[in-house]
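A.B. asks: One letter stands for each residue in the lines below.
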Amino acid sequence: MESGVKVWEVFVQKKSGLPFKHVGSCHGYDKKMAIQNARDLYTRRGEGRELWVVESNAIVSVPLDEADAFFDPGEDKIYRHATFYKIPEGVNHL
Amino acid sequence: MDKFEAAFNAIIEADQKVEPRDWMPEKYRKTLIRQISQHAHSEIIGMQPEGNWLLRAPSLRAKQVLLAKIQDEAGHGLYLYSVAETLGISRAEMNEQLHNQEAKYSSIFNYPTLTWADMGAVGWLVDGAAIVNQVSLQRTSYGPYARGMVRICKEESFHQRQGYEIMVQMAFGTAEQKEMAQDALNRFWEPALMMFGPHDADSVHKNQSMDWKIKRESNDHLRQRFIDRTVPQAEYLGLTIPDANLKLDPSTGSYTHSPFNWDEFWNVVNGNGPCNQERLDHHKKAHYDNAWVREAAAAYAEKIETSVA
Amino acid sequence: MNLELKSNESKFLIRLADTATILGQRLAEMCSKAPFLEEDIALSNISLDLFGRAEELYKIICTIENAAYTPDDLVFRRNERQYFNLKLVEQPNEDFAWVIARQYLHDVYSTAVYTQLSESSNSELAGLANKVLKEVKYSHLHTKDWMDRLGLGTEESNNRLQLAVDHLMKYVEEIFSWDEIDREQLADCDKITSAWESEINQTLAACNIERKSIQPLSMRDYRDGFHSEHIGHLLSIMQYLPRAYPDAKW
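These protein sequence lines are chains A, B and C, in that order.
Okay, so the first sequence: first residue is 1 according to our numbering, each after it adds one.
Okay, so the second sequence: first residue is 95 according to our numbering, each after it adds one.
Okay, so the third sequence: first residue is 404 according to our numbering, each after it adds one.
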C-alpha cells in the first residue's frame, strides 16, 4: 500500500471580520500541495478570502469518555450568564 | 444500556446529528461507510461517461460548462471521501474496495454515452434523479454527511440545468438533432429510474437505515417524486417518454407507469452492464500508471519537510 | 472557412487565443486520468481558465475584424493550416511529466507576454491581460511546485521529466523567433526571451534536469500556420460535431 499522503483539515474565512470555519478535509503530500488542493476543492465559487490547512493529526480534541468532565460542569454555572442578574427598574446601560 | 448508547438513541430520536466523536453502533458506522463510499465512487466513475464527450463539445460554452460540471463531480467525490474518512476508513482502502469490486457505485454509469444528446439526457435525468435523492439526504442523521449533502445540493442544480439546456437546443433544432435527443431519452429513461434502487418491498437494507435516520424517505417515494416532476419537462420538449403506460392519475396527481425491467437492473448491478469492465479498467489504469507520480510526491515531501531549514 | 484577418493586432492575438484553445484541449484530455483526484481538479481549473481566455481573445478579434464571424466559427471551422498556436502546446500527454513540463514552459512565457499586454493601449486587452496574469500566476505556482517534486522526487520521476523536457525543448526555438507583428504588438520581445531563459535555466538546475543543447530543426514557424502532426488529430476530434452537422445550431 502506498504511503506518504497526509490528511489536512481545512478552515475558510469567507470575509474579513468573520471567523474561520471548518469546512472539511483534503489530501496533500506537502504543505504547498495541501493548501492548493484546499483552495481548488473548497473555494471554487469564491467562498473565501483566506484559507488555513492543518494536518489532521495536529488537531487535539476531547476524547469521548472525558466529554462530560469537560463540558457538563459549564452548564450549572448559570451565574456566567447575564440573565441570572436582576437589574432594578429604571437603571440603564447595565 | 450504557450511557453512550442511550445518548446515541436520544440523538436519533430528537432528529439531531451524530458527530464523528460520538459513540455509534458498529453497524451504523459500517452502513454509513458503505453508503458514503459508494456514493463517492459513483461521483468519480460518473466523470467517465461525461468525459467521453468533453473533447467533442460543439461550442466553447458547452465545453466550459461540461468541464465545470465534471470538475464538480470530482469535488463531490472528494467531499464524500472526506466524510467517509471521519468514520475510520482511509481513501486508499476505499480505492482498493472499488478496484476489487467489494464496493459498488451507481449502475447508471455502466451505460455508454453514444451521442452528444446523451450529455443532455445525463444532466437532465441522471443529475435530476441524484438531486431528488440528495435533497432528501440533507436531513441524514450523520452530521458530516448531512453537511456534505448541503454543499453538494447547492452545486448540483446547475448540473441539471446544463443537461436540460442541451435537450432544449436539440429538441427544437434540426430533425437530426431532435431524433438524437429522442434516442438519448429512450436509452436513459428507465436506467435513471433504477437509480432509486429496488422497490421498497424488495429493499434489504431499508428498515435499519430508516430507523437510524440515515435514509429519510423510501426508494419508491423518491422515485415517484422524480417521475412526477420530469414528465412535464419531457412534454415541454415534445419528446416521448419510452413508456406506453405512463398515465397521470388525477386522484393522486402522480403518474402510473409500466413495471420495470428488474432483470436488467440486477444484471448490471452484478457486473454485466455494457461498461462495467471499462469503467473499472479506466480507473485502475489512471491509478496504477501514475503510481510513480505519487511516489515522487511522497519522496519529495519527506526531503523538504524533514530538512533542517 | 475563409479566414482573412485584416489587422496585425488580430493576427497577433489569434496566436495567443489558439495556443490557449489547444493547450486547454490537451488538459481536458486528462479529465479522470490524473495521478489523484485533487490533481484532476487542478488541471481542469487550468483548462477552464485557458478556454475562458481563448474565448475572450476571440471576442476581441471578432470586434476588431468587425464581426465577420463568431468565436465558435474560429474554433470549429478553421483547418490545420489556419491555426496559429505554438507547436509546444500540441504535444501529447505522454505521461504526467509531459503535462507538467509543457505547462510550465508555457506558463513562464505566458506570464512575460501578458505582463507586457497589461500595459496595452487597447483597454479591453489590458483588462483581460490583468485577469489572465492572476490565473497564470496560480498555474505557474502549481506547475513550478510539480517541477520540483518530479525533478527531485525519485530517480524514475527525474528520468521521466528529463525525457519530457528533452522532447518539448525542440519546440521552444520558434517561440522566440519574433516577427514584425510581435515586435509591433509587444513592448519588448527580447526582454520576454531573456526572462524566460533566465527562469527556465534556474528551475531546471534547481530540479536536477539537464538542459541539452538542441540542433535547430528544420521546422516551419507556427506563425505561418505550420504544426506538428498532432494538430490534425486534435482538430478532427474537437471540430467533429459542427462539421458533421453544419446546419445545426450548437
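Simulated from the structure, these hints should not be mistaken for lab results.
One should not assume that every hint holds.
To be verified - Partner residues are not named here, just some residues of chain C that face chain B (Cβ under 10 Å, in silico): (1) Phe439; (2) Leu451; (3) Ile463; (4) Cys465; (5) Asn482; (6) Arg484; (7) Trp599; (8) Gln605; (9) Met641.
In this text, all values refer to a predicted model and were calculated from it rather than measured experimentally.
We put the beta carbon where it would ideally sit given N, CA and C, even for glycine.
A.B. asks: Hints first: check each against the structure and report whether it holds.
C.D. replies: Hint by hint, here is what the structure shows:
Interface restraint check: phenylalanine 439(C) against chain B, minimum CB-CB distance 7 Å, threshold 10 Å, status holds. Restraint check, leucine 451(C) versus chain B: the minimum CB separation of about 6 Å is within 10 Å; hint holds. Among the interface hints, the one on isoleucine 463(C) is violated; its C-beta lies about 14 Å from the nearest C-beta in chain B, farther than the 10 Å criterion. A cut of 10 Å between beta carbons decides the hint on cysteine 465(C): the least distance to chain B is about 12 Å, and the hint is violated.
Contact between asparagine 482(C) and chain B, as hinted, is not supported at the beta carbon level, the nearest pair being about 17 Å apart and thus beyond 10 Å. Because the beta carbon of arginine 484(C) sits about 21 Å from the nearest beta carbon in chain B, more than 10 Å, this interface hint is broken. Taking 10 Å as the C-beta contact cut-off toward chain B, the hint placing tryptophan 599(C) at the interface is violated, the least distance being around 25 Å. Given hint, glutamine 605(C) at the interface with chain B, is violated; its Cβ is 18 Å from that chain's nearest Cβ, farther than 10 Å.
Interface restraint check for methionine 641(C): the shortest CB-CB distance to chain B comes to about 6 Å, inside 10 Å, so the restraint holds.
Comparing the model with each earlier hint shows violations of hints 3, 4, 5, 6, 7, 8; every other hint is respected.
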